[in-house]
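Undergrad: So you can see what is in the structure, the chains are spelled out below.
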Amino acid sequence: MSYVAKELSQRNKLLLGLSSFLIPILIWCAVSYLPFIWHPQVQITHSGSVTYLQAESRVDKNTFYREAQNAVNAGLLPPQGKLVNPIYLPAPHEVAKALVTAFVTPPVQADAPWFHQSLWHSIKIVFTAFFIASLVGIPLGILCGFSSSISQLTEPFVEFFRYLPAPAFGALAVAILGINDAPKIAIIVIGTLFQQILIIANTTRMVDRGLIEAGYTLGTHKLKSLFHVVIPAALPDIYRDLRVLLGWAWTYLIVSELIGTTSGITWFITQQARYQNFDNVYAAILIIGVIGLLCDVILMKLGQRMFKWKAGAK
Amino acid sequence: MTTELKPEAFDAQQYFERIYARPVILEAKKLSQVFGTDKAKRTVLNQLDLKIHKREFICVIGPSGCGKSTFSRVVAGLDGYSSGEILVDGQPIHGPSPERGMVFQGYTLFPWKTVKENVMFGPKMKGQSHASAEAHAREWINIIGLEKYENHYPNELSGGMKQRVAIARALVNEPKILLMDEPFGALDPHTRQKMQCHLMDLWQNIDITIIFVTHDMDEAILLADRIVALKANPGEIKEIIEVDLSRPRSPELLLTPEFKRLRERVDFLVHAQEDELDPALEDLPVIPRMTKVSTTK
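Chains as they are written, first to last, in our numbering: chain E, 1 to 314; chain S, 1001 to 1297.
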């Protein structure tokens, strides 16, 4: 028994990684397919003598039992139905089906976007916003971490600004930038940029002083030290920060897409929720998760290639 | 690399006369370093006067807090000083420079650079072309015997290898002085001894003045021409000891009576200070002989 987290074997890693997905899915399956676990409602298949229980409608389990008992007591035909979960919890197979149909079903209105078009629109928004934020955030963050004066000149304000909730700027952004994509991008930029500056500044500050000093004794001066020592030393950690921050950008996506004209994946989700197609809603949410995870895995693998020296021996 | 010196009678007096005849490369005049402000002032170095001659091997030794590391950092230009003067070749120093190379205890190799690229760093900063920097680096990698590892990253190397690379990285700049701040402190005893021999070999064969900070007395006596013993609070020179042992030296020297004689003297100098420094050491409780000491694993 070791007290420190130890390295897992490749096989166990994969097994445990899969289990981390399988366990919630199994719980979901159990709740969906095993009636005795939850199933608080009854979906009416035949109204019997109780006219207000229309076929296909869902009623509370207790109400159904009471009505059925009443009907039996009165010598009338009892209603019939099957135990189901509430409509907002579709079963796995329904969501799986929706995942496919979402892509192949044409939009209801002719001019409305297909599902994949909505999705692509969202992806573009996230990455554009993240790119713009990084364009400012990475250099400024590095400079803040490198120079105390720049840090003191920047960080107090950034520290204040990051507490302002980005969605609060929604109305303002629309007033300034119009109702299309620009205000949405602005909201994500506001949401990530200020965090980015602070996090990257901190990461840059963590660079081993010994390396910087060694650089000085080998002939660097301030500016050379920044480019030849500080930035290369901080780069892998900055890269890791960016991966985390990209996740933040995704979380701001949904809020930002509600601003101005609703668009992208959020438009799809709100539409489907309005028609109570919750299987489609879950499908859309799952897709966001899958895209996020995929991005992260790709970026992680890329990082491992780029920063081989960090990985350790061999 | 083996030294060509024939064993002959070692004349310590002549040896040191020859050293003192060489030009002074580093001179500290009333060098003081005070940290903190009026209220919480701490004098780390107090009025240090020291002359180091060209090609000398100096070990700076003393209890922790005596300012031996501060001294090496001031000479490197990494720390400033409060008053006095410090001259290299008669010129006051302004900040760090590759003419005063430094080797740190923590290796401080650039982990994103291979062995070769690490050694090339100095020449490149000086503005040498890639090819010329590479040629210089190769030369030094051969000297430290790491040709096979030139394309390895530092975290693939052992501690001793890393420190050899750090030495090469400093020496490739052809510094006037090589400062070493407890460079072998993190190495295991065996590697440490090998590195000491390696360093002596290097020093015998190239034109370099070494200032070597350590708290290991054996190491200091084995390596040094002169040992500068500092005392703490405030950091002052207590004594400068000429190590009158013949060169070239090898670790077997540690077993000789001459070595033991010197060792006792240095021991007395350093330990007398440590007891002053930490009176609690005097009052260490004596554990009664019959007390059962639990040895649970």
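Everything labelled a hint here was simulated from the structure, so no lab data went into it. Since the model is a prediction, treat every value here as computed from it, not as a measurement. Heads up, a few of these hints could be off.
Only pairs whose alpha carbons sit at most 30 Å apart, straight line, appear in this in silico DSSO-like list of lysine-lysine [claimed, not checked]:
(1) S:K1029 with E:K301
(2) E:K308 with S:K1113
(3) S:K1148 with E:K222
(4) S:K1148 with S:K1029
(5) E:K308 with S:K1148
(6) E:K222 with E:K301
(7) S:K1041 with E:K224
Footprint (simulated), chain E over chain S, 3 or more residues, beta carbon under 8 Å [what the hints assert, rightly or not]:
(8) 1089-1103
(9) 1119-1126
C-beta atoms are modelled at their ideal positions from N, C-alpha and C, and glycine is treated no differently.
Undergrad: Does each hint hold? Answer for all of them.
TA: Consistency of the hints with the structure:
Restraint check for S:K1029 and E:K301: the C-alpha separation of about 57 Å exceeds 30 Å, so the hint is violated. Between the alpha carbons of E:K308 and S:K1113 the distance comes to roughly 11 Å, so the proposed pair stays at or under 30 Å and holds. Taking the CA atoms of S:K1148 and E:K222, the gap is near 34 Å; set against the 30 Å cutoff, the hint is violated. The suggested pairing of S:K1148 with S:K1029 is violated, with an alpha-carbon distance near 45 Å, which exceeds 30 Å.
As the CA atoms of E:K308 and S:K1148 are separated by approximately 19 Å, the hinted pair is consistent with the 30 Å bound. Restraint check for E:K222 and E:K301: not satisfied, since their Cα atoms lie roughly 33 Å apart, outside the 30 Å limit. Taken as a hint, the S:K1041 and E:K224 pair is broken in the structure, with Cα atoms around 34 Å apart against an allowance of 30 Å. A stretch counts as covered by a chain when three or more of its residues have a beta carbon under 8 Å from one of that chain; for the segment 1089-1103 of chain S and chain E the count is 7, and the coverage holds.
Residues of the segment 1119-1126 of chain S lying with their CB closer than 8 Å to a CB of chain E number 4, which satisfies the three-residue condition for coverage.
Consistency note: the structure conflicts with the earlier hints numbered 1, 3, 4, 6, 7.
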